[in-house]
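Novice: Listed below are the residues making up each chain.
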Amino acid sequence: MNKNFSFKLHFPILVFGIAAPFLFPGLQLQFATLWVMVLFALTWDIMGGQMGYNSLGNIFFFGVGMYTSVLFQVGQFAEIGAYTAAHGGDSFTFTNAEYYQGLVIGIIMSGVVAAITAALLGWTVFGLRGPYFAIGTLGMAIAAGELMGTWEWVGAGSGISVPVFPGSAYARSLLFYFLCFGAAVLTFVAVQWIYKTRFGLAVNAIRDDEEKAEAMGIHTLRYKTVAWSISAFFVGISGALFGNITGIIEPLEVAFPTVTFGIFMVAMTLLGGKGTLWGPVLGAILFHTLKEVTWTYFLGWQWVALGVLIIVNVVFFQQGIMGWLMEKFPEKFGIVVENKEATR
Amino acid sequence: MTNYVIEVEGVTKSYGGVVANQSISMKVPDGKITGLIGPNGSGKTTLFNSIVGYHPIDEGSIKFKGQEISSLRVPQIARLGLLRTFQQTRIYSNMNCIENMLISVPHRKMGFADMFGEREDKATMEEVERLLDFVGLYEKRRLRSGDLSFGQQKLLEFAMALMNKPEVLLLDEPTAGINPTLINGLIDRLRRANEEFGITLFVIEHNMRVIMNMAESIYCLAHGEMLAHGSPDEIQNDQRVIDAYLGAH
Ligand SMILES: Nc1ncnc2c1ncn2[C@@H]1O[C@H](COP(=O)(O)OP(=O)(O)OP(=O)(O)O)[C@@H](O)[C@H]1O
Ligand SMILES: [Mg+2]
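These protein sequence lines map, in sequence, to chains W and V. Under my numbering, the first sequence has 183 at position 183, and the numbering climbs by one with no breaks. Under my numbering, the second sequence has 97 at position 97, and the numbering climbs by one with no breaks.
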């Protein structure tokens with residue numbers, strides 16, 4: 001990737017990210033969601049774009065992270081069963097120290113548990129290829145939502161509420177905005193780094209021809225498992241944050257939203273251009289902005305608008321924004337014939 | 001005494017009702033070039049697939065440097081230093097030539113941390129450029145490999161195999177689809193890979209001029225059975241081979 005181009009995007013996005021909550025104080029949570037979307041697209045692309053494994057169930061780790069976080073936030077200081085039986089928040093109060101300790105540990109554990117879950121599941125789902133993998137992972141996410149809905153200990157279908165933030169509504173929005181922004185930046189930096197290491201080449205090789213990769217001695221299962229775990233780690237963290245923003249964690253709509261966030265992950269990445277570093281970021285920003293605008297101005301038509309966008313994207317514009325740029329300006333991306341005299 | 005790197009003993013492999021290999025026994029001597037010929041569908045590729053662990057065999061034993069490998073998986077066998085190329089050329093088509101080469105480094109000693117290791121260190125890059133030069137693809141090195149011509153892709157696949165530093169390389173029809181002048185160049189490169197890099201070659205080939213020139217000994221399969229084995233001269237004059245494969249001149 002062209003260094004100049006990267007920098008031209010890094011800088012304004014960073015500045016915007018830091019300034020946004022102060023410029024648009026009423027929209028802090030919408031912007032927080034924007035960064036979660038960027039994180040979604042980046043992590044989906046590790047698997048779908050870079051490795052060629054189109055998972056429709058990555059939202060599973062969102063729910064895993066969300067529940068893990070709340071269980072650690074509450075469980076360190078209260079009995080979970082009693083907490084959910086009393087319907088959470090109001091009857092139990094946490095001191096400031098308890099709240100923040102719980103939050104920090106909850107966020108970290110959400111990533112760790114999601115990553116470990118991915119590694120364990122990897123041994124079974126990586127036996128599936130192509131559409132079977134897509135459907136298998138989707139089934140996993142749907143089943144998880146249904147199962148959590150029957151588990152009384154964690155509140156079953158009526159959910160579990162997160163500890164109440166000990167401060168003003170403004171401080172709460174600001175805190176979670178910056179946590180979401182930070183998580184997205186961290187994800188971007190991590191992803192950018194791993195793609196530059198051998199890992200990037202290995203997952204691309206698996207995408208292009210997994211049998212060839214095996215025949216060349218690449219530890220394919222190891223790479224696939226680690227790719228999925230990295231993806232799950234960050235999605236898990238986003239789940240922890242989003243659960244805290246929502247306040248009440250309910251299994252179907254909030255923790256395992258397969259047909260909304262679960263599909264948005266894929267749509268945003270395809271829009272921006274899968275298998276590229278910046279594609280998912282651009283796709284997420286564009287998609288989320290469009291979604292918020294249609295939600296505000298064309299209420300009732302918002303799903304139609306998104307549907308049209310997705311259809312236009314996959315029918316006429318499969319390579320996405322970054323893919324289109326690479327086709328249009330290959331030299332800018334270093335795709336050139338070079339003879340020896342010119343380079344040696 | 002000759003050292004054999006591959007020893008195949010009584011290997012049988014069938015697909016449903018089709019017996020593709022019927023108790024095949026053969027040996028590949030260390031450091032030499034060995035040929036494998038036979039009519040279409042005689043079971044040559046099947047034998048390669050059995051050796052590299054692509055599918056389980058029904059019966060028999062396959063040894064690499066004395067170690068039984070018939071129950072190992074493909075990547076494990078590749079990491080032992082026993083590599084194959086494909087009859088239908090396989091490269092990573094969305095990656096450029098350099099990237100194809102970089103990921104083809106030996107994975108034998110790769111630990112967990114090496115997954116995130118430096119991929120373009122100076123020594124590796126020099127090796128990549130030297131080998132791409134060796135197969136004549138240096139100028140195309142930044143192009144998407146899927147956009148190369150068929151023959152160029154074959155050369156790239158061969159360079160990738162060399163990058164992997166195998167001890168033994170199984171080549172499935174390396175000259176198929178390559179033009180006559182380039183074939184001479186390729187024969188020369190195969191020989192040099194054998195002599196200079198010390199790689200043992202086991203080559204399936206339909207081009208008789210190529211295989212008779214290169215190989216020291218040749219096996220001939222027909223209908224899934226080992227029909228004959230001998231020096232190029234012996235094979236050329238073997239009546240069974242002439243009847244089954246070469247035809248009367
Ligand atoms: N995956 C498979 N499933 C079913 N039958 C197969 C399979 N692979 C090979 N065969 C059968 O096994 C037999 C041997 O095939 P093989 O590919 O080994 O031949 P070959 O000697 O390499 O031929 P060619 O010179 O055409 O490449 C053929 O009859 C073929 O139809
Ligand atoms: Mg064949």
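Source of the hints: derived by calculation from the structure; they are not laboratory data. Careful, some of the hints might be misleading.
To be verified - Output of the computed footprint for chain W on chain V, the stretches with three or more beta carbons under 8 Å from beta carbons of chain W:
#1 82-95
#2 107-116
As the list claims (entries may be wrong) - Within a straight-line C-alpha distance of at most 25 Å, the following computed DSS-like cross-link-like pairs (lysine-lysine) qualify:
#3 Lys32(V) to Lys65(V)
#4 Lys165(V) to Lys196(W)
#5 Lys224(W) to Lys8(W)
#6 Lys122(V) to Lys196(W)
#7 Lys196(W) to Lys109(V)
#8 Lys63(V) to Lys224(W)
#9 Lys27(V) to Lys63(V)
#10 Lys109(V) to Lys165(V)
#11 Lys165(V) to Lys63(V)
#12 Lys122(V) to Lys65(V)
#13 Lys224(W) to Lys196(W)
#14 Lys122(V) to Lys63(V)
For each residue, glycine too, the CB sits at the ideal point set by N, CA and C.
Novice: All hints, please: hold or fail.
Specialist: Do the hints match the structure? See the list:
| no. | hint | verdict |
| --- | --- | --- |
| 1 | 82-95 | holds (count 9) |
| 2 | 107-116 | holds (count 7) |
| 3 | Lys32(V) to Lys65(V) | 14 Å, holds |
| 4 | Lys165(V) to Lys196(W) | 24 Å, holds |
| 5 | Lys224(W) to Lys8(W) | 32 Å, violated |
| 6 | Lys122(V) to Lys196(W) | 15 Å, holds |
| 7 | Lys196(W) to Lys109(V) | 20 Å, holds |
| 8 | Lys63(V) to Lys224(W) | 30 Å, violated |
| 9 | Lys27(V) to Lys63(V) | 9 Å, holds |
| 10 | Lys109(V) to Lys165(V) | 13 Å, holds |
| 11 | Lys165(V) to Lys63(V) | 20 Å, holds |
| 12 | Lys122(V) to Lys65(V) | 33 Å, violated |
| 13 | Lys224(W) to Lys196(W) | 17 Å, holds |
| 14 | Lys122(V) to Lys63(V) | 36 Å, violated |
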